[in-house]
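Spelled out from the first residue to the last, the chains are:
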Amino acid sequence: MSLVISQLCKCYSTSSGSIEALRDINLHAEPGEFICVVGASGSGKSTLLRLIAGLEMPTSGELDLNGRAIVGPGADRGMVFQSYTLYPWMTLQKNVEFGLRLQGVNSKERRDRASYYLDIVGLASFARAYPKELSGGMKQRVAIARALATQPEVLLMDEPFGALDVQTREMMQEFLLEVWRRTNCTILTITHDVREAVFLAQRIYVLSAHPGTIDCEFQIDLPRDRTVLIEREPQFQSYVAAIQDRLRGLSKTTETSPMPTTSKAKADAH
Amino acid sequence: MSPTPPALSKLQARQRDRVFWRLAEDIPQPLTWKLMVISAVVPLLLWWLLASSGWISDKFLPSPPDVLAAMGDLWERGLLVQDTRASIVRVTLGFVLAAVVATPIGILMAAFASIRALLEPAIGILRYMPAPAFVPLLIIYLGIDEAPKIALIFIGTVFFNTLMIMDAGKFVPKALIEATYTLGGSRWQILRQVIWPYIIPNVLDIFRVNMAASWNLVVVAELIAASEGLGKRIELARKFLNTDEIFACLIVLGLIGFSIDMSFRVLIRKTCAWSLDS
Ligand SMILES: Nc1ncnc2c1ncn2[C@@H]1O[C@H](COP(=O)(O)OP(=O)(O)OP(=O)(O)O)[C@@H](O)[C@H]1O
Ligand SMILES: [Mg+2]
Chain A
1 MSLVISQLCK
11 CYSTSSGSIE
21 ALRDINLHAE
31 PGEFICVVGA
41 SGSGKSTLLR
51 LIAGLEMPTS
61 GELDLNGRAI
71 VGPGADRGMV
81 FQSYTLYPWM
91 TLQKNVEFGL
101 RLQGVNSKER
111 RDRASYYLDI
121 VGLASFARAY
131 PKELSGGMKQ
141 RVAIARALAT
151 QPEVLLMDEP
161 FGALDVQTRE
171 MMQEFLLEVW
181 RRTNCTILTI
191 THDVREAVFL
201 AQRIYVLSAH
211 PGTIDCEFQI
221 DLPRDRTVLI
231 EREPQFQSYV
241 AAIQDRLRGL
251 SKTTETSPMP
261 TTSKAKADAH
Chain B
1 MSPTPPALSK
11 LQARQRDRVF
21 WRLAEDIPQP
31 LTWKLMVISA
41 VVPLLLWWLL
51 ASSGWISDKF
61 LPSPPDVLAA
71 MGDLWERGLL
81 VQDTRASIVR
91 VTLGFVLAAV
101 VATPIGILMA
111 AFASIRALLE
121 PAIGILRYMP
131 APAFVPLLII
141 YLGIDEAPKI
151 ALIFIGTVFF
161 NTLMIMDAGK
171 FVPKALIEAT
181 YTLGGSRWQI
191 LRQVIWPYII
201 PNVLDIFRVN
211 MAASWNLVVV
221 AELIAASEGL
231 GKRIELARKF
241 LNTDEIFACL
251 IVLGLIGFSI
261 DMSFRVLIRK
271 TCAWSLDS
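Each protein sequence line maps, in turn, to chains A and B. One point on numbering: in my numbering, the residue at position 210 of the first sequence is 210, and numbering is uninterrupted. One point on numbering: in my numbering, the residue at position 98 of the second sequence is 98, and numbering is uninterrupted.
Some hints here could point you the wrong way.
Estimated spans, in silico, between C-beta atoms of each pair [unchecked claim]:
{"#": "1", "chain 1": "A", "residue 1": "Ser41", "chain 2": "B", "residue 2": "Lys170", "range": "24 to 34 Å"}
{"#": "2", "chain 1": "A", "residue 1": "Gly136", "chain 2": "B", "residue 2": "Trp21", "range": "46 to 56 Å"}
{"#": "3", "chain 1": "B", "residue 1": "Ile256", "chain 2": "A", "residue 2": "Ser41", "range": "31 to 41 Å"}
{"#": "4", "chain 1": "A", "residue 1": "Leu229", "chain 2": "B", "residue 2": "Pro173", "range": "32 to 42 Å"}
{"#": "5", "chain 1": "B", "residue 1": "Tyr128", "chain 2": "A", "residue 2": "Ser6", "range": "53 to 63 Å"}
{"#": "6", "chain 1": "B", "residue 1": "Phe112", "chain 2": "A", "residue 2": "Tyr12", "range": "20 to 30 Å"}
{"#": "7", "chain 1": "A", "residue 1": "Pro31", "chain 2": "B", "residue 2": "Pro173", "range": "25 to 35 Å"}
{"#": "8", "chain 1": "A", "residue 1": "Arg182", "chain 2": "B", "residue 2": "Arg14", "range": "57 to 67 Å"}
{"#": "9", "chain 1": "A", "residue 1": "Ser41", "chain 2": "B", "residue 2": "Ala273", "range": "37 to 47 Å"}
It should be emphasised that the hints constitute simulated quantities derived from the structure, not laboratory data. Note that beta-carbon positions come from the ideal geometry of N, C-alpha and C, so glycine has one too.
Input sequences plus hints: build the corresponding full structure.
Next up, the structure:
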């Protein structure tokens, strides 16, 4: 098992009292799996991701990666942020190399690995460009290449395409699936876009808000290599409908829509 | 061949006005140059007119040719080079010392709230003590040689540099720092390889601004006690009522300041192109 989170709670203490952002989160990701977490705004998605990244410490509960407790940030968990976080004074090549540089990898290997990942994200010809010369979608592709270059066990993404227009988003989603197939890494993406989640994920966790708890879990039985055309399949649409219902708190799971495997049932099975 | 209809020239005039008053936009390069020349030439002409009008005695307001002659005279006697060199050396030493001290402290204050809490109140008070008020103390402590003059420039710029660099450091996006953590960066690596490169253009600009203060202070120091320097030359000229020499020194000071300012701008443009818009 790759990533295991059990009984995770996170409270923030603010001037107006304590805010319970996450309560009793149980979640796991197997090696090579593509997981999405969906939830409304304020349901604690970013908090969850930041806890996994080690940028925040849990109030209680455990986070383990390959059996080792997560106690702080590290290169074994790559992260792509919603905002653009490229280093503006570096070329794309240097940006992608930077994680390797921090680890003291020699310059030849750095160059080769960075070029490989820039190629994967389709920006090899922009290696010498600076971030300000790029569009938003290109910047996020570089951020993905930068996170992949250190070969993390898990790639974490916090609404990476949230700031992009619809067409670019669709392109980026297909692109991300391709990267996932080519690199075989574990990916955990959070989003509030249900359609995006169903398109990308093998498994989806639905978060309910105030406090953030895992409401249910969906197994998405769609082929691994998907194109946007899959959105026309009735199976795809019924997944989307079921999750949206769930999010609206309606939980109208009729026979025609796929049954969620509740996180309770899953936990008992283990 | 018909003459240009008047309506067209009116239209052209209006378009020109639009160019001039465009909010937060660039203006055409030739217009920029024209306006910049006007900015230098008009005050010069006004001065010349006023001086040659005869309303004011030329003992008080020497004319531009008089000042030019005085400048040539200072140059021939070797005083201009000697005084300018003396002032530049003092400013450079004092300012470099202040920059070397202020930069790491400013960055540490920006990066660590603890260091900020430790130093901000003290520096906040010290910077409001006018540097020239330290002159008597400096003379008592350090004598009347170069040391008190350099110390004055140091005191007058180090606190401003520190606090302004601290402010610049606070604007490093948190996400950039967090992204570096997730790439496996240590705190020291983040300080050296993320925060520092991010603020270099700001730091250069802060140096550019505070350089002006060093020039103020070097003149203050030289007015009080010095054997050479542009401030000293001005003070000597006052004794003999040589206003043309005073004007000459003021113009030299202005030109030196202006060229240092421009050099910093060019340096920023050449080395930190990434930080400029467009
Ligand atoms: N640093 C913090 N201090 C105090 N409260 C916080 C902090 N970060 C998050 N919260 C609270 O925790 C809850 C979850 O926030 P979080 O940002 O994780 O939500 P989210 O699901 O990512 O929302 P969005 O979709 O809008 O990004 C919110 O109620 C928020 O107010
Ligand atoms: Mg969020």
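Original post:
Should the hint that Arg182(A) and Arg14(B) are 57 to 67 Å apart at their CB atoms be regarded as holding?
Top reply: Hint holds: Cβ distance 60 Å, inside 57 to 67 Å.
Subject >> Outcome for the supplied range 24 to 34 Å, where the beta carbon pair is Ser41(A) and Lys170(B) >> reply: Holds, since Ser41(A) and Lys170(B) (Cβ atoms, about 28 Å apart) stay within the stated range.
Original post:
Is 31 to 41 Å a correct range for the gap between the Cβ atoms of Ile256(B) and Ser41(A)?
Top reply: 57 Å, violated
Original post:
Within 46 to 56 Å or not, the Cβ separation of Gly136(A) and Trp21(B)?
Top reply: 33 Å, violated
**OP:** For Ser41(A) and Ala273(B), compare the CB-CB distance with the range 37 to 47 Å and indicate the outcome.
**Re:** Between Ser41(A) and Ala273(B), where Cβ atoms are some 38 Å apart, the hint holds.
Original post:
Is it true that Tyr128(B) and Ser6(A) lie within 53 to 63 Å of each other by Cβ?
Top reply: 56 Å, holds
Subject >> C-beta pair Leu229(A), Pro173(B): status relative to the range 32 to 42 Å that was hinted >> reply: Since the Cβ atoms of Leu229(A) and Pro173(B) sit about 39 Å apart, the hinted range of 32 to 42 Å holds.
**OP:** Starting from the hint 25 to 35 Å, judge whether the C-beta atoms of Pro31(A) and Pro173(B) obey it.
**Re:** 33 Å, holds
Original post:
Would you say the C-beta atoms of Phe112(B) and Tyr12(A) sit inside 20 to 30 Å of each other?
Top reply: 22 Å, holds
Checked against the numbered hints listed earlier, the structure breaks hints 2 and 3; every other hint is satisfied.
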